[in-house]
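Asker: Given next are the chains, with one letter for each unit.
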Amino acid sequence: MGNNTSFKIYAVEDDPVFAKMLKYVLTLDPEHEVELFDNGLDLMDNLHHRPALITIDYSLPDMSGEDLLKRVKYQFPEIPVIIISAQERIKTAVKLLKAGAYDYITKDEDIRERLLNSINNAKKNISLANEVETLREELSIKYDFEKNIIGKSPAMKKVFTMLEKAVKTNITVSVNGETGTGKELIAKAVHFNSSRKNKPFIPVNIAALPNSLLESELFGYEKGAFTGANSRRIGKFEEANKGTIFLDEIGEMDVNLQAKLLRVIQERELVRIGGNELVKLDVRIITATHKDLAKEVQAGTFREDLYYRLLGLPIYLPPLRERQNDVLIICKYFVEQFSKENQLGNIYITQDAQKKLLAYSWPGNIRELKAVIELACVMSDGEKIDAEDIQFNSLNKDTDLFSKEMTMKEYTFTIVRNFLEKYDDNVLLVAEKLNVGKSTIYRYLKEMEEENFQLR
Amino acid sequence: MNGQQEIINFDYINTIGQNNNDFLLKMINTFLDQCPIILAELEEAVLSEDWEKTVNLAHRFVPSVGLMGMDDVAIDLKQLENNAKNRMHLDQSMDLFLPIKQTCIQAIEELETKKKLFLI
Chain A
13 MGNNTSFKIY AVEDDPVFAK MLKYVLTLDP EHEVELFDNG LDLMDNLHHR
63 PALITIDYSL PDMSGEDLLK RVKYQFPEIP VIIISAQERI KTAVKLLKAG
113 AYDYITKDED IRERLLNSIN NAKKNISLAN EVETLREELS IKYDFEKNII
163 GKSPAMKKVF TMLEKAVKTN ITVSVNGETG TGKELIAKAV HFNSSRKNKP
213 FIPVNIAALP NSLLESELFG YEKGAFTGAN SRRIGKFEEA NKGTIFLDEI
263 GEMDVNLQAK LLRVIQEREL VRIGGNELVK LDVRIITATH KDLAKEVQAG
313 TFREDLYYRL LGLPIYLPPL RERQNDVLII CKYFVEQFSK ENQLGNIYIT
363 QDAQKKLLAY SWPGNIRELK AVIELACVMS DGEKIDAEDI QFNSLNKDTD
413 LFSKEMTMKE YTFTIVRNFL EKYDDNVLLV AEKLNVGKST IYRYLKEMEE
463 ENFQLR
Chain B
-10 MNGQQEIINF DYINTIGQNN NDFLLKMINT FLDQCPIILA ELEEAVLSED
40 WEKTVNLAHR FVPSVGLMGM DDVAIDLKQL ENNAKNRMHL DQSMDLFLPI
90 KQTCIQAIEE LETKKKLFLI
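Protein chains in written order, with the working numbering: chain A, 13 to 468; chain B, -10 to 109.
Just chain A, with the same shape it has in the complex (with noise of 0.2 Å):
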């Protein structure tokens, strides 16, 4: 029935010479491919073919345009239909576009150019539906959760059973981890495995918008409703209406403002700024924060109402220290992803290189880890990540220093070494800093030398 690159189109006209006419119209483009039904019936029995447009004649001899038209976007609603009528009637026109049709057109002398438009119009609708499913259909598959989401250590296997059990249903999901340990991944993940796949996943990131931003931010306004509010604006919730939003870092709310997100979850409807209108709202919410949001309720700065409204399904991500195992799979995943993208080819990670990136606490977490693997594959001979490619560059030396566990002495060595680092292996310096007298470093150095002891 024609080739890939072919427009099928169906056209069901009774009138033969009209018949005739639109086939030569429709055939003007050489990429469309034309078959003419003299009835209704004979299109629906031919309509499994698939065609990528229908063009249906308002009068059938067997049932009206309109019948004709519901029975197509009842079986294949992505199919678009043009109708052509010998007449022309706006509340006609008006009915069928509202049943599904993608056009109204009448047999006038402007029908070639209008059918035709009509037609190019509706091959970019579909390249762009098309594009759109296809962009969805890799969304699903980047964040489907068992392959995308790694870790084998019993830590991970917990976040696996409630992620699962968050798929199911609608239940708010807090998610709560460090940070760079993939809340917005888990997030995503939750959405884009659901029921809501297909609507819109609107990620708010309340740290990094100011409070007198956020409210207008989320909820939206009317036009007038402040200075500058020239037109009407949707908020947040409702453009993730049916869908889902991802309050992320909900911990760093102003206090006010979660009087108002409580109402808005409480009575699932909401009222943009300076207005009056009442907004029916279907969303899900997905929280994520690295705070203990138990300690900010006992601390006065988190509404407890609010808090327990959230909690709803509580997904806990472990920092990756705690999840040691998963170190080196991660890394073998990254590895395989950075090499893929950049076209590089199979590189593997040295003994040497696996004992290093075993050994640390990685304070950054994924997101740390990613960063160094990626490093290391640009710094690698490109077939062997060695010790020496890998190179650690945290922030958060403190997280790091009581990240790992160790020995007293352990801990004295590694504190001394940090304030040598930091003050220039000034020795005075440090002793004053840390209200010991020099000899006491001059040992602590002299024990470090003896028992060969390396922080990383």
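Keep in mind the hints are simulated off the structure, nothing from the lab.
Owing to the predicted nature of the structure, the values given are computational and were not obtained by experimental measurement.
We put the beta carbon where it would ideally sit given N, CA and C, even for glycine.
There may be inaccurate statements among the hints.
[Said to hold, decoys possible] Okay, the calculated beta carbon distance ranges per label pair:
1) Asn8/B <-> His60/A: 37 to 47 Å
2) Asp11/B <-> Lys110/A: 37 to 47 Å
3) Asn9/B <-> Glu196/A: 40 to 50 Å
4) Thr4/B <-> Lys103/A: 22 to 32 Å
Got chain A; can you put chain B on it based on the hints?
Answerer: Relative to the frame of chain A, chain B by itself:
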């Protein structure tokens, strides 16, 4: 012809076909094939007072005659269609049909002549 006013007007068909003579010839041939058949069916429908069929045939014929620029015939066909649809003035149906038939026969003759000129 022979001093009679011409019934056929190719303006519309030439607009659509952008003066493509092959297309025009194809449309003339299709009209010449189909017109006698539809006319016979329509006459039969009116005679047998099958008003549903009259509505369908008259409606179907309108675009064909429109393509050939036979606007007066198109108006009469719409009248016939509307009367039959609304079951009004049914006794005048044959009076409406006969001039349609007469004009179409004349149009066929005219088209045959034009076609010959084309083929020379």
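Asker: If a hint holds in the structure, say so; if it does not, say that too.
Answerer: Hint by hint, here is what the structure shows:
1. Asn8/B <-> His60/A: 37 to 47 Å: Holds - the Cβ-Cβ distance for Asn8/B and His60/A, about 40 Å, lies within 37 to 47 Å.
2. Asp11/B <-> Lys110/A: 37 to 47 Å: holds (40 Å)
3. Asn9/B <-> Glu196/A: 40 to 50 Å: violated (59 Å)
4. Thr4/B <-> Lys103/A: 22 to 32 Å: holds (28 Å)
Violation of the numbered hints given earlier is confined to hint 3; every other hint is satisfied by the structure.
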